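Following the hints, position chain B against chain A.
Spelled out from the first residue to the last, the chains are:
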Amino acid sequence: DMKVTQMPRYLIKRMGENVLLECGQDMSHETMYWYRQDPGLGLQLIYISYDVDSNSEGDIPKGYRVSRKKREHFSLILDSAKTNQTSVYFCASTDGGGGAEQFFGPGTRLTVL
Amino acid sequence: GDSVTQTEGQVALSEEDFLTIHCNYSASGYPALFWYVQYPGEGPQFLFRASRDKEKGSSRGFEATYNKETTSFHLQKASVQESDSAVYYCALGGNTGNYKYVFGAGTRLKVIA
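For the protein sequence lines, the chains are A and B, in the order given. Here the first sequence is numbered in this note's numbering, starting from 1 and rising by one per residue. Here the second sequence is numbered in this note's numbering, starting from 1 and rising by one per residue.
Worth flagging that the hints you see were computed from the coordinates, not collected in a lab.
Derived list of chain A stretches under chain B, where covered just means 3 residues or more per stretch with a C-beta under 8 Å from a C-beta of chain B:
{"no.": "1", "region": "45-58"}
{"no.": "2", "region": "95-108"}
Residues from chain A that keep clear of chain B, each with C-beta distances beyond 10 Å, as calculated:
{"no.": "3", "residue": "Asp1"}
{"no.": "4", "residue": "Ile12"}
{"no.": "5", "residue": "Glu22"}
{"no.": "6", "residue": "Pro61"}
{"no.": "7", "residue": "Tyr64"}
{"no.": "8", "residue": "Arg65"}
{"no.": "9", "residue": "Gln85"}
Chain A residues, not near chain B, derived (Cβ > 10 Å throughout):
{"no.": "10", "residue": "Asn18"}
{"no.": "11", "residue": "Asp26"}
{"no.": "12", "residue": "Ser67"}
{"no.": "13", "residue": "Asp79"}
{"no.": "14", "residue": "Lys82"}
{"no.": "15", "residue": "Thr83"}
{"no.": "16", "residue": "Thr111"}
Here the structure is a predicted model, which is why all the values come from computation and not from measurement. Using N, Cα and C, we set each Cβ at its ideal position, and we do this for glycine too.
The shape of chain A in the complex, shown without the other chains (with noise of 0.2 Å):
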C-alpha cells in the first residue's frame, strides 16, 4: 500500500518550545520533502532529503532543521518554536528525481502561541 504518513495531525505548542513532526513512507522512495503551506503562497519547500544523512536546504530553511536517519523516516524539527511557524506542513516522497510525481502525507496542522 503505497502510503505516506504523518504524525502528529495536530499540534498546539507555545513560543520557545521545540516541536519534532514525523514523516513516514512505505515506498522505499530515496527522495523525501518537507514543505509548508499557507493561505495564498501555497506549498513552499523547506528541505530536501535525497536519502540517509543526504539533506540539503529548500527555499525556506531558516528555523527548521531534519533529520534522516532510515530511508523511510524523515523528521522535521522546530527547535525554539515562533509564532510565524504556525502552518499546515505537508512530507512528500518520490521515487526518483524531479520528474517523477510525489507522494503526499495528510498533514500537521502546527499551531505556535
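What follows is chain B alone, placed relative to chain A:
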C-alpha cells in the same frame, strides 16, 4: 529562479460548466509540469503530468497540454461536478536535473449543484 503563476485564486462554477484554470511557468530549462488536487483535510494528490512540448496529460476528465511557446499548462474540464470542488495546484519539477518542485499558489474551485 523557476516560478509558477496561477492566475485565478478562486473559481466558482455551476455543475456541467466548462472549467479552465490558468497556469504559466517560468523556467530556464525543460521542466516536467504537474497538476495536483487537494481536498479538505488531505494532502495534495497527483492528478497528471506532462514532460515535453505539446504533450497532453489527463486524468479523471481533466486535461492540460504542455505549451513551451506560451509557457503554459492550463487545466481544463468539459463538465465539472460538485465533487470536483477542491484546491488545484500547478507545479513544475525536474528542471535541469534537480529534485526541486515549484508550486503555484493554488486555485480554489467551488462547484455549485
